[in-house]
Each structure stands twice: as structure tokens, then as C-alpha cells.
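Trainee: Respectively, the protein sequence lines represent chains A and B. Its first residue numbered 1, the first sequence is counted upward by one per residue in my numbering. Its first residue numbered 344, the second sequence is counted upward by one per residue in my numbering.
Each hint should be verified, as a subset may be incorrect.
[What the hints assert, rightly or not] So the derived list for chain A, only partly shown, Cβ under 8 Å to chain B, looks like this:
#  : residue
1  : G55
2  : H111
3  : F112
4  : A114
5  : M118
6  : C119
7  : V120
8  : L126
9  : I241
10 : F245
11 : P289
12 : L291
13 : V295
14 : P299
Hint data in this document are derived by calculation from the structure and do not stem from the laboratory. Just so it is clear, CB atoms sit at the ideal spot from N, CA and C, and this is done for glycine as well.
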Amino acid sequence: MASIFKQRNVIAILILFAIVFPFITNNNYLIHIMTLAFIWMIAVYGLNLLAGYTGYLSLAHAGFFAIGAYSLSLLTTKAELNYWLAFVLALIITSILGLLVGLISLRTKEHFFAIYTMCVGYIIYLIIDKWDSLTGGIRGLIGIPGPGNIGPITFTTPVSNYYLVLSFLLLSILVMYRIVHSLTGRTFIAIRNSEDLAQTIGINTMTNKLLVFVISTFFAGLAGALYASFIRFIGPDIGYITITFDILTYLIVGGIGTLSGPVIGTILIVWVSQQLQFLQDYRMMIFGPILTLLVIFYPRGISGGFIEWKMKRQAKKHQKQNKNQNQQMISTQESSAASNKNG
Amino acid sequence: MDVLIQQLFNGLTLGSVYSLVALGLTLVYGILHIPNFAHGALYMVGGYITLTMMTQAGLNYWIAIVVSCVVVGGLAVLMERLVFHPLRHAPAIHDKIAAIGIMLFLEALVQFVWGADYQTMTSPYGQVVNFAGVTLTMQRLLIIVATVVVMALLYFFLKKTFTGATIIAMSQNREGANLVGINTNRVAMLTFLISGALAAIAVSLAAPINLVFPGMGHLVLTKAFVIIILGGMGSIPGAIMGGYILGFTESLGATYISNDYKDLIAFVLLVLILTIKPNGLFPAKGGH
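Bound-form chain A, shown alone (with noise of 0.2 Å):
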């Protein structure tokens, strides 16, 4: 009970700092770059949920990332939509591109479902840059409209972007709490561990698969349309397969398959980048490295790490608890037996 106090403390304490951290501050940078660490979070949540939990790493999640942002840009500026109508449809949008490329791409499995991926993202990312009509091509689009007002509510100052962002990451973590730990949750797992086994026990693995790569794409469709109506402007860039890399990167880091994971790997790889701004082209020379030392040594990343030393830890106090008992047993037995004698 007092480990779950605890936790809930932590999470508590963190929610905290995330919303008095603008009064904190004042440094409206740094409020930009924490604006951009949880939009990218709520992507990196996405494939969290699909190569995390379910085994299937997607390649083509910048691809997804993108469709989301350019939907949003296109259906505002050249559809000149209402701006929140125009982010559900591209949320929907999205979800319905990521429904059709599942059905295919889950038929196949491991090697060939990374390699299949990996060929959409392209596709997605060439359609982009080649179409200069439509999406502008390599010069992108600019002058996407920022956040709508909700009611009285407006969206204009980087303080009001940070709390909107905030609020959606905050919702998705509660979206993606209740899906791991709920029997949907429980069969994606069963899925990673042994999909022939799931299959053998009843689960529709097809369905369960379809389901959670249409919510890893919603997610990343969801980061995506944050992205293009927070920076304004958006290229072909955002589509291509390096992005998919840095969110991979974060995920890895932080933990794969896990709940804090995505949290601490953008927020841990953010930071330190800012610190190393003097290598920013440069900075996967140490990011690579790491990501391949973390897999070696670490498969489970920081999280996973800390939760195995946590349970390690347990396990010896346990173990020790219990040698105590069995002397002390021992030892009222001998200490009886020897009563027993003297009487």
C-alpha cells in the first residue's frame, strides 16, 4: 500500500511542477521547448503502445506524424475550416489512413512488418515532397492558424499554448493508463510475448493488432496537428524517417514498454540537447551510441531498469524476511525441544 502512496505522489508532485512551471519560469524559451517535449511525448506514446506493448515496431509513425500536421494545415488554410473541426477530421483522417495501411501491413510480421513500414513512411514522405499542388512540396506551408478559441478561452500567448498542450499529453497518459491496464491492455501484451499463444487461447489477434495500430496512428496523427498549429510553418521534413528515429530514440531512452518511458526519454534527451546545443546536428553521435548500449545492457531503458532494481531489491528484502522467520522458527523449535527436555 505505501509503494502505491508513493507513486501516486510522485505523479502527483510532477503534475504540479508541469503547471506552476510556467510562473516558475517566465523565460518564454524555455516554455517552447517544454511546449515541444510533450507534443512529442504524446507521439512517442503512441508507438510505446504498439512496439512496447504489442511488439510491432512501425517504421512509418513520422509518416503519420506528418499526415496529421498537413491535414490540419491543409484543412484550415486552403478549406479554410473552423480550426477545431478541422483537428478532429484530421484526427480522423489520420485513423482511417493508419485503419487502411494496418489491414495490409499486419499481415506481415517482425522483419517484414519493420521493412513494410519503413516503405510506407517513404511513400508517405515522397507523396508529400513531390506534390507540390497540394502540399506545397519541399517549401511546405506556412501561415497555419494557431488554436482556435474554446468559448471564452484563447490560445494566443505561449503560456496558453504550454496549458493546451499540457492538457492534452495529461489526457493522453490517462487515455493510455486505462488501455494498458485494462483486458485490452492484457491482450496486447499477450500478443508481444507469444502471438501464437494468444491466438491459442481465443484472442483475435488480427482485430486486437488493427486496433492498437490505428490508436498508435491517431496518437501520432494527435502530436502531429498539435506540432503544425504550435510552429505555424511545416515541411516535407517532418515526414521523414529521422523523425521516426528521434522518436524511437526517446522511447528507447526513456523505456520501451513501459508507462513513464516516453515521459522521462523526451523530457531526459530534450534537455540534455539543449545543454549540448553546440552539437545539434552532431548529437546522435552520442544518441546512437547510447541507443545501442541501452538494448545491449539496458533492453528495458531507464524506467524498465528502475522498476527491475526496485523488484530485484524486494524480492532480497523478501528473501531475507523470510530466512529471519525460518530461523526464528528453527530457534523457538530448538528452544522448545530443549524446555521440552528440561522438563
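Starting from the structure of chain A, add chain B where the hints point.
Mentor: Chain B only, in chain A's frame:
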């Protein structure tokens, strides 16, 4: 008609390069059953080594290629020892991520050392020759001939020498190979060496007609994956055939369909193949 012949010739050049890259990838897949996502990075590093050897050290083109083969081959062996060997019992998702980590590292390293600019490699074979009504450069001719020579050498090595036979044996059955006394570790290292050298040869031949830049491996790698899926993962003749098929399709597609979307052809091809046959055209035999 002239255009068609010219394009067929271009397809042959393109296909030769693709085949060489795909051969390296398929050899590694045959031995360890891992898709080496860092293969494109090896290709890119090879390009830079050859370029530097020619411009900075002033070496002859052919000697530069040999140096490049040694360096990239060594790099590939190092990768096998340090990364793929420790991960041989890990879940499939792990070695993919590890390979991606190596790829990101090599790309950043190359960008750090040589800069992000596009560079040209001038080969000593820039002359233009007319052959049967087709205008072509010596370099393109060289690519075709050299590729055939390399493939023939590889074939004889695999089929006629004892060391080559151990590679085939291991790709057929790892435990079996181990049982008859083949040192599987050594074979794995050898395979990575060959795979790296093939990538270095491919890029050294192709770079004079293309450009050298840090992201040059991305498209080549993805296309090589398309090829080995087309030809059956781990199959050597499949990789050669697949390479040429893709080369012809692309060069003809660029002329008769659309030059802008020529890179799409490979991916659409792959998506179509995997849609119809989820395990590739020629699913691997045996139970992995």
C-alpha cells in the same frame, strides 16, 4: 527506340549497384536472420573513405577502393562482434533498434568529419563512348563489368572453396554447422566482412555518377530491402535478380511514367508484393 536502349542500359547500371548492396544484406540475413539496418550507413562510409583516399591521399581509384573495402569490412566485423553477437538471443525487435543506433551514429560521425555538403567524386573513367548508337560514359560501363566480375568471384568463393562452403552451411542450419565443427563465430565475422566490402565496392563504383552526402545510404538501404524481399530473404540469386529487376523498372518508370515519382516505384512494388504475399515472394524454408 534509342531512348529505350539508353534506358535499358541505365537500368543495367542501376541494377548492378542495387544487386551488390542487396547481396551484402542478404548474406547477413542468411547467416544471422537479422535485417541489418546499418548496411546503408556502411555504404555511405565507404563512399567517403574512397573519396578521401582519392582527394586527400592522392591514391589511385582502384587502390582507394581496396582501402575502402578493408575499412568498411573491418567496421562491419566490429559491428558484428560488439553489437550483433551479444544480441543473438535477444528478441527480434532489439537488433533492429541496435542497428538503427549504429546507423544514426555513423551518419552523425560522417557529418562531423566531412560536413553535410554534397560532394562529387571524379573518376578517371569519365570519357564518353558511343556504342551501338547509345551514348554512355566509361564509368557506367565499368560499373556493369566490375559488378559481373565481383559476382563471379563471390560465386566461386561460395561454391568452390571450403571457407565459402562454411558460409552456405551456416545459412542452411546454424546448429548443424556447429555440430560438424564449423566455427560459427568466425563465419559470422567473415560474412560481415564480405557484406561490408560489397557495400564499399558498390558505392565506390556508383559515387562518380551520383553524389556523396551523409544521407546517401537511406534510399539505397530501403531499396536493398525491397530487393531481398523480392528475391527471398537470404537468397543470393534472388538478390541479384531482384537488383536488376528493380534497376530496369526504375529507369523505365522514370522515362515512361514520371521522373518525380521514380523513387516511389520500388516502395509501391514492395507494398504490392507484401500485400499479396506477407512472407515475401519466396518464403524461407525451415522453421524460423
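Trainee: Given L126 of chain A as an interface hint, is the shortest Cβ-Cβ distance to chain B below 8 Å?
Mentor: This interface hint holds because 5 Å falls under the 8 Å limit.
Trainee: With a cut-off of 8 Å on the beta carbons, see whether M118 of chain A makes it to chain B.
Mentor: It holds, given that the least Cβ distance between M118 of chain A and chain B is near 6 Å, below 8 Å.
Trainee: For the hint on F112 of chain A, does the least C-beta distance to chain B fall short of 8 Å?
Mentor: 6 Å, holds
Trainee: With a cut-off of 8 Å, does the beta carbon of P299 of chain A approach a beta carbon of chain B closely enough for the hint to hold?
Mentor: 6 Å, holds
Trainee: At a threshold of 8 Å, is the proposed contact between V120 of chain A and chain B supported by beta-carbon distances?
Mentor: 7 Å, holds
Trainee: Measuring from the C-beta of V295 of chain A to each C-beta in chain B, is the shortest one below 8 Å?
Mentor: Holds, about 5 Å.
Trainee: Given I241 of chain A as an interface hint, is its Cβ closer than 8 Å to any Cβ of chain B?
Mentor: Interface hint status for I241 of chain A: holds (7 Å vs cutoff 8 Å).
Trainee: Was the hint right that P289 of chain A lines chain B, CB cutoff 8 Å?
Mentor: 5 Å, holds
Trainee: Would the hint on A114 of chain A be counted as holding, given a Cβ-Cβ threshold of 8 Å to chain B?
Mentor: With a minimum Cβ separation of about 6 Å from chain B (threshold 8 Å), the hint on A114 of chain A holds.
Trainee: Would the stated hint for L291 of chain A survive a check requiring a Cβ distance to chain B of less than 8 Å?
Mentor: Given a least distance of 3 Å, the restraint on L291 of chain A holds.
Trainee: Holds or violated: F245 of chain A as interface residue toward chain B, Cβ cutoff 8 Å?
Mentor: 6 Å, holds
Trainee: Min Cβ distance, H111 of chain A to chain B: is it shorter than 8 Å?
Mentor: 5 Å, holds
Consistency with the previously given hints is maintained throughout, with no hint failing.
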